[in-house]
Structures are given as structure tokens and as C-alpha cells.
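Okay, here's what each chain looks like letter by letter:
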Amino acid sequence: VLLHRFQSTLVIAEHANEALTPITLNTITAAKRLGGEVSCLVAGTNCEKVAQELSKVQGVSKVLFAQHDAFKGLLAEELTPLILETQKQFSYTHICAGASAFGKNLLPRVAAKLDVAPISDITEIKSPDTFVRTIYAGNALCTVKCDEKIKVFSVRGTSFEAAPVSGGSATVEKISAPAPVGQSEWIEQKLTKSDRPELTSAKVVVSGGRGLKSGENFKLLYELADQLHAAVGASRAAVDAGFVPNDMQVGQTGKIVAPELYIAVGISGAIQHLAGMKDSKTIVAINKDPEAPIFQVADYGLVADLFKVVPELTAALKK
Amino acid sequence: MAAAGLRAMVGVKRVIDYAVKVRVKPDNSGVVTDGVKHSMNPFCEIAVEEAVRLKEKKLVSEVVAVSCGPQQCQETIRTALAMGADRGLHVDIPAKDYENLTPFQVSKILAALAKKESVNLLLLGKQAIDDDCNQTGQMTAAFLDWPQGTFASEVSVDGDWLKVEREIDGGLETVRLKLPAVVTADLRLNEPRYATLPNIMKAKKKKIEVVKPSDLGVDLTPRVKTLSVEDPPQRKAGVKVETVEDLVAKLKESGRI
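These protein sequence lines map, in sequence, to chains A and B. Going by UniProt numbering, the first sequence opens with residue 1, and the numbers climb by one from there. Going by UniProt numbering, the second sequence opens with residue 1, and the numbers climb by one from there.
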């Protein structure tokens, strides 16, 4: 307990200037579990609003924010010097971020600059220096002890609850941005437009695999998803076949999801897909092959032709 | 710098083949690797393919394939050579040290080699399918003070700059990086070729140089210790339902809809 008093954690906030990205809240919960004080760092071109939002999150005691045009696109090359400056000033024992594309891109660069070995995508904190993470696409759990002076790690969002967004009263402090590095430039972002919930935070996910046979046939899943307020995902096989874009991929090399309800349609259940969804609370599998491995993890399995039963299911839910 | 003068290095990791079901060792010290089929990490294959394509477009003059690990890594390097890499570098790491080797040490090795070989483009896979770390490209870029184009789905050379389209959570993003730079390959960057028999034969004649981490001044002391490796909790198969009505009833019962 005494040790905890000397601990302090910096959470690197992920956001899109206007709004905080949900995984930051899961990361704050992980940071709180370490026992020490939790601070958040927000960098952006215009991110004061996000800093204010974060100050109300339960468990956060200080929010630092820095604004500069160089932070456009949150490039790792530009954010790293800011984090190093902040670390120099406050000497945190832990630095973390969500294990999203943002956190995965940024944290190893920060760790290398601090000359420490980072730990990726942790699913559990055993003690301030001991973490659990998955290896081999979730086929094994690995407990690691980090001997570094500063522990740098990314957090699997689905393994920690989101911290409550009200009730906190952190101080907000503006800090200055270091000189731009200028070795990289952010050009543009093409985000997939969708009125549906975001895949990693949706309560219900409907995913399709190679069994859908084409991108057009994903329409069946969108119609079903609309009835369930669900996000739509896909297996790597469906992405590889060109049916849907990669940002829909659920699995070891895509997104990790753990919704309350996961409906796998025409997905065989390759190891690499199971790694991305097997922590879902309830799993439904629809596949015409009774031997498909997906049935081994499904709570409810329906051996049937998806082209017949998915429209039936959509119709039944409309009632 | 003239684009044609780009020298590319590509990292290739030997891992348990993606199709093999891994088994945890009874003493929980790791997973069973003896007698198990190994291959090149699939993301590294994509990186090799990209390097070779850049060479075929005459944007790259030479492709060097590097692997860190025990003797068997030379087989992985041979695969890269058969795909079209020009020569190999095997960083020989004894099995005992290899057990504790993490991306931290590998990144230091790759950074040292990139300097030694005067490389200006380092292509790696975004992650290895054994440890799933997704760190090596980013850390190597940091050690070299180079920019990083991680999770790349498209790469093009634009004078002294590299344009990289990246896979991000909500879609795609495009960045420009000043060369020299590190790029890590995501799934959609390309579809790796299969090595043809003549190219496999040719690869046997290509040179693989062996170097030691100590020659590069890299210390292999582990920074992170593996305490245990265990099986994940198993999910039990549930029930089969016969009809959509049954399914809807079950989901209502369990409060999921």
C-alpha cells in the first residue's frame, strides 16, 4: 500500500478533437487499478473541450493538454516529444493508452525513446509490475513481469469497464508543445461513414464471413443489425475476399470485441477470428456446416442456410 | 536522394505456422515449439512482397532480408530470398537467449543493422502472430529517429518522401514520411507471391551473412520476464436451436434482446 502512494500513471487520451474516444475511459479504469494517481494528457489542434470532458471522469486527478497544429492527425512522431517532456517534468511510474490503432502506433515509440520495453494489449493487472496479455491470437495467456523503471503499456479496452464520465473534478492545466519534428505529415483520413454504433463499443455485433459470398449480401446483415442497434463486423476471410473493408475486421489482426451479444453469420470460426470475439457474453452462430468450429464457442447454434434464416430473423425481430 | 537509390531492408520472423494449433507446455513455461511446423510470419511475407515490388518498379536498388534467432531462421531468410530479396543477414541468437528475446532487443538490432547497411527504407510486418506485440517497427523507427508508417495498406515513393496509406480503427488515413523511414505492413498492402521452383533454386546461391548481436553492440538482457503461459479459459459449446423462433425465444429468455 505504501508503494502505491509513490505511483502515478499518465494516460494518453485518444480523441478526435471534438470527442473523447471511448477506449480512453477503459484505459483510465486500468490506470486506477494500479493504485496511484491518474493524470491524462490530451494533445490536439483544438482539444480543450476534450480536456474539460476528461476532468469530470471519475478517478482522474489532473488533465494536461497541449495544442499545436503539428498535432493534427495525432502523429506518433509529433506526440512522442510532448510525452517525453511531460514525463521529464512529472516522473510517472506508468504510461499507458488504449490498444487501438492510435495507442499501438504511439506507445512503442515512446517506450523506445525512454529506453524501456513496452507491454502491448494487457487484459489484466496483477500488480503494478505484473500484467496478463494474450499471445498466439488468444490461444495462450501470458503473465509478464516488467522490470523497467517506467512501465509503458497499452490496454485492451474490452477487458476493463469504462470509467464513469461524471463525478470527477480534476485540475486542467495547459502545457506548451515542443517544437514540431516535421519528419511526417498527416494528409487525410477516410473514415467509413456509418450510422451504426462503433464496433468495439457496441452492445450487439453482427458479423459476416466468407459464407456471405459477396459484399452485396452483407445487406442482409445490415438489415438485421438495424433491428438490433448493432455494429457490423466481418471475419478476416470476408475482408481478404474483398467483401468489406478491413476496418470491419474482427479477430487477432483486426478489432477485439466483447459485446453482450455477438451473432456470427457464415463464419467458420478460425482461431484468428475467435481471438477477436470469444469474450462476448452471448454468442450466436449461424452456419450451414454443423462441423464449423464456431459452434464450439457458441451459446446458441443454428445449423441453417444463412440466406434463408437471416431474413427470417430480421422479420421476427421487427414484430 | 534519387528514388532509385533506395536501399531496403526487410525483417522476417520465423514463427509457428499460422495453421498450427498451439499447445501450452505442461510446466507453463511457454508453448510447445519442438517438432512443430514453422514458417515466415504472414505479415513479414507481405513486407517482403512490398520490398520486392518496389525493386521491380526500380524504386529500390537492393533488398536485404534480416532474421534474428537460432540457426533455423536461415530457412526463413531463404524463403525471402526465393521471393526476390537479394541477400540475407542472419543475426545469430542462441536458443537460450532467444527464449527471452522481445521486440525491444530486436528493434535495437534492426536499428544497428539499418545504419550499418546504409538502408533508407525498412519494411516490417505490423505484428508477429506468435507474441502479437505489434512493437518492432515503431521502436526501430524511434531508435533510428525515423518516421513510421505503421499498418500500411498502400505505399508509394514521392521523391524524398514516402506516401503511406494506413489502416486505422475507423477507416484509412494517409501520411507522408520523410525518407529514411520505417513501414509496417498490414493485411491489404499486397498479396505475397509464392516462390517458384527456379527462384527457390536461385535463392540457394544467394548469400546469407551471419552476425552476432555483440558485433552490433546490442545487449540481450531481458527487460520483461515471462512468469507463466497458460491455456485461456475455455468457452463451452451451448445448445443447438432448430429454428429462428427457437433462437429468438432463447435470446429473449436470456435478456439479450
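Quick caveat, the hints were computed from the structure, so don't treat them as lab data. Here a beta-carbon is modelled for each residue, glycine too, at the ideal position from N, C-alpha and C. You may find that some hints are simply not true.
Where chain B lies over chain A, by a calculated footprint (3+ residues, C-beta under 8 Å) [to be verified]:
#	segment
1	53 to 59
2	92 to 102
3	164 to 177
4	207 to 220
5	269 to 278
Status of each hint after checking the structure:
1. Only residues whose beta carbon comes within less than 8 Å of a beta carbon in chain B count, and the segment 53 to 59 of chain A has 0; fewer than three means the coverage is violated.
2. Residues of the segment 92 to 102 of chain A lying with their CB closer than 8 Å to a CB of chain B number 3, which satisfies the three-residue condition for coverage.
3. Counting residues of the segment 164 to 177 of chain A whose C-beta lies closer than 8 Å to any C-beta of chain B gives 0; at least three are required, and the coverage claim is violated.
4. Restraint check on the segment 207 to 220 of chain A versus chain B: 0 residues with Cβ-Cβ distances below 8 Å, three needed, restraint violated.
5. Under a criterion of three residues with beta carbons nearer than 8 Å to beta carbons of chain B, the stated coverage of the segment 269 to 278 of chain A is upheld, 3 such residues being counted.
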